[in-house]
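Chemist: Listed below, chain by chain, are the residues.
There are 2 protein chains.
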Amino acid sequence: MNYPNKKTKEKIQITTNRSKLGMSLENDINVTNTTYINEDIAIIYKKPTPIKIVKVDYKKRSTAHIVDAYYNQPSTTDYNGIYKGKYIDFEAKECHSKTSFPFSSIHKHQILHLQRCNRHGGICFIILRMYQYQKTFLIKAEDFLDFYKGESRKSLPIDWINKYGYEIRFKFSKPVDYLEVVDKVYKLK
Amino acid sequence: MNYPNKKTKEKIQITTNRSKLGMSLENDINVTNTTYINEDIAIIYKKPTPIKIVKVDYKKRSTAHIVDAYYNQPSTTDYNGIYKGKYIDFEAKECHSKTSFPFSSIHKHQILHLQRCNRHGGICFIILRMYQYQKTFLIKAEDFLDFYKGESRKSLPIDWINKYGYEIRFKFSKPVDYLEVVDKVYKLK
Chain A
1 MNYPNKKTKE
11 KIQITTNRSK
21 LGMSLENDIN
31 VTNTTYINED
41 IAIIYKKPTP
51 IKIVKVDYKK
61 RSTAHIVDAY
71 YNQPSTTDYN
81 GIYKGKYIDF
91 EAKECHSKTS
101 FPFSSIHKHQ
111 ILHLQRCNRH
121 GGICFIILRM
131 YQYQKTFLIK
141 AEDFLDFYKG
151 ESRKSLPIDW
161 INKYGYEIRF
171 KFSKPVDYLE
181 VVDKVYKLK
Chain B
190 MNYPNKKTKE
200 KIQITTNRSK
210 LGMSLENDIN
220 VTNTTYINED
230 IAIIYKKPTP
240 IKIVKVDYKK
250 RSTAHIVDAY
260 YNQPSTTDYN
270 GIYKGKYIDF
280 EAKECHSKTS
290 FPFSSIHKHQ
300 ILHLQRCNRH
310 GGICFIILRM
320 YQYQKTFLIK
330 AEDFLDFYKG
340 ESRKSLPIDW
350 INKYGYEIRF
360 KFSKPVDYLE
370 VVDKVYKLK
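Chains as they are written, first to last, in our numbering: chain A, 1 to 189; chain B, 190 to 378.
Since the hints were derived computationally from the structure, they do not count as laboratory data. Please note that a few of the clues may not be correct.
Keeping only pairs whose Cα atoms sit at most 25 Å apart, straight-line, the calculated SDA-like set for lysine to any residue is [said to hold, decoys possible]: (1) B:Lys244 with A:Asp57; (2) B:Lys236 with A:Thr34; (3) A:Lys47 with B:Tyr234; (4) A:Lys154 with A:Gln110; (5) A:Lys46 with B:Pro239; (6) B:Lys235 with A:Val67; (7) A:Lys98 with A:Gln110; (8) B:Lys236 with A:Ile106; (9) A:Lys55 with B:Pro237; (10) A:Lys46 with B:Ala253; (11) A:Lys46 with B:Ile300; (12) B:Lys235 with B:Leu301; (13) B:Lys236 with A:Ile111; (14) B:Lys329 with A:Ile37; (15) B:Lys236 with A:Arg116; (16) B:Lys282 with B:Asp348; (17) A:Lys84 with B:Lys241; (18) A:Lys52 with A:Ile37; (19) A:Lys189 with B:Gln304; (20) A:Lys93 with B:Lys241; (21) B:Lys236 with A:Gln110; (22) B:Lys235 with A:Thr34.
Put together the whole structure using the sequences plus the hints.
Modeler: Here it is as structure tokens:
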């Protein structure tokens with residue numbers, strides 16, 4: 001790992017072992033969120049990965065050492081926070097297919113969570129990186145849910161993504177500047 | 190643990206080992222939040238405890254077994270979500286002193302997080318259970334921050350808590366019905 005990434009190393013360590021595919025998008029979003037916080041634009045964090053602890057070793061009084069644990073399935077999306085007084089909630093996915101994004105890549109309870117938050121007035125979306133096209137899209141939860149509900153398909157076709165997705169621009173300090181898109185799409189001032 | 194708690198058992202297991210003092214308030218808030226979700230009143234969750242993973246055993250292909258890990262300090266508050274279109278953010282603390290709530294019980298970066306979210310228009314507060322008085326209070330972040338900033342004290346005195354805190358009522362299905370207080374204090378309709 002290169003020196004400039006050193007600061008974020010600890011944060012992404014948890015997922016490194018789980019899914020190398022998602023690491024780079026996750027890293028990009030973490031860098032972006034840190035910039036948002038430092039520039040006082042928005043307060044948005046990735047939630048910690050849920051872990052079920054089975055056994056803790058208390059031999060050393062000062063530190064609790066976890067010696068037996070497993071990953072739990074998340075019951076919500078990975079990211080939430082506040083922007084311009086609005087509740088923001090999203091899930092990030094990286095897709096390596098050229099033709100479509102399979103619904104099997106997103107947990108059903110995460111979709112349910114987006115549906116609920118959307119209904120309660122939050123700004124909810126999916127950030128989808130189509131790796132083969134080197135493009136990252138913001139997909140509004142309501143557009144996604146419409147398609148997910150109405151179709152018997154098992155995936156989002158690339159044509160649908162190009163039509164309904166909003167491309168997110170890359171910037172050095174904000175590799176996934178999704179709030180720029182949020183401003184336009186949700187007409188925030 | 191009793192049968193009625195079985196559903197939430199998994200969620201609270203993580204903190205059970207860390208601090209038995211906080212368990213009952215945390216449990217009460219989890220039950221309340223589950224009721225809010227089931228009754229479609231609000232979507233508010235406790236964030237998972239942040240854990241730094243050192244070593245994972247992949248012997249069994251199906252499950253990643255964590256064999257070496259430590260607790261990380263949280264960088265935000267424990268709870269956030271959406272209610273009536275508003276961003277909600279709070280920290281919960283249980284206090285066993287009769288005279289005051291010591292500031293050493295709340296991390297500085299958690300106070301900073303409340304400050305930031307408050308400035309960005311969120312509804313931010315602390316839920317404080319004064320165990321000796323069998324009372325649970327909602328304390329607005331701005332009131333807390335005013336006192337924290339303005340005073341050279343190291344704690345919130347009980348007189349201040351009685352004056353500025355809003356008592357939260359107990360109900361069976363909502364042991365800490367804090368949104369009832371939020372409605373009144375923040376004049377939400």
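Chemist: Run every hint past the structure and note whether it holds.
Modeler: So, going through the hints one by one against the coordinates:
For the hint linking lysine 244 of chain B to aspartate 57 of chain A, the alpha-carbon distance of about 15 Å falls within 25 Å, and the restraint holds. Between lysine 236 of chain B and threonine 34 of chain A, the direct Cα distance comes to roughly 19 Å. Compliance with the 25 Å bound is thereby established for this hinted pair. For the proposed pair lysine 47 of chain A and tyrosine 234 of chain B, the alpha carbon gap of about 11 Å is at most 25 Å, so the pair holds. Restraint check for lysine 154 of chain A and glutamine 110 of chain A: the C-alpha separation of about 16 Å stays at or below 25 Å, so the hint holds.
Between lysine 46 of chain A and proline 239 of chain B the CA atoms are separated by roughly 11 Å; this keeps the pair inside 25 Å, and the hint holds. For the suggested pair lysine 235 of chain B and valine 67 of chain A, the alpha carbons sit about 24 Å apart, so the restraint of at most 25 Å is met. About 24 Å separates the Cα atoms of lysine 98 of chain A and glutamine 110 of chain A, which keeps this hinted pair within 25 Å; it holds. Between lysine 236 of chain B and isoleucine 106 of chain A the CA atoms are separated by roughly 19 Å; this keeps the pair inside 25 Å, and the hint holds.
Simply put, lysine 55 of chain A and proline 237 of chain B have alpha-carbon atoms about 17 Å apart, close enough for the 25 Å limit, and the pair holds. Under the criterion of a C-alpha separation no larger than 25 Å, the hint pairing lysine 46 of chain A with alanine 253 of chain B is consistent with the structure, at around 21 Å. Simply put, lysine 46 of chain A and isoleucine 300 of chain B have alpha-carbon atoms about 18 Å apart, close enough for the 25 Å limit, and the pair holds. A distance of roughly 19 Å separates the Cα atoms of lysine 235 of chain B and leucine 301 of chain B; the hinted pair therefore holds under the 25 Å criterion.
Between the alpha carbons of lysine 236 of chain B and isoleucine 111 of chain A the distance comes to roughly 18 Å, so the proposed pair stays at or under 25 Å and holds. Restraint check: the Cα-Cα separation between lysine 329 of chain B and isoleucine 37 of chain A comes to about 22 Å, which is no more than 25 Å; the hinted pair holds. With a C-alpha separation of about 17 Å, the suggested pair lysine 236 of chain B and arginine 116 of chain A falls inside the 25 Å cut-off, and the hint holds. Restraint check: the Cα-Cα separation between lysine 282 of chain B and aspartate 348 of chain B comes to about 18 Å, which is no more than 25 Å; the hinted pair holds.
Between the alpha carbons of lysine 84 of chain A and lysine 241 of chain B the distance comes to roughly 32 Å, so the proposed pair goes past 25 Å and is violated. At roughly 30 Å between alpha-carbon atoms, lysine 52 of chain A and isoleucine 37 of chain A are farther apart than 25 Å, so this suggested pair is violated. Taking the CA atoms of lysine 189 of chain A and glutamine 304 of chain B, the gap is near 22 Å; set against the 25 Å cutoff, the hint holds. With a C-alpha separation of about 23 Å, the suggested pair lysine 93 of chain A and lysine 241 of chain B falls inside the 25 Å cut-off, and the hint holds.
This hinted pair checks out: lysine 236 of chain B and glutamine 110 of chain A have alpha carbons roughly 15 Å apart, not beyond 25 Å. The suggested pairing of lysine 235 of chain B with threonine 34 of chain A holds, with an alpha-carbon distance near 22 Å, which does not exceed 25 Å.
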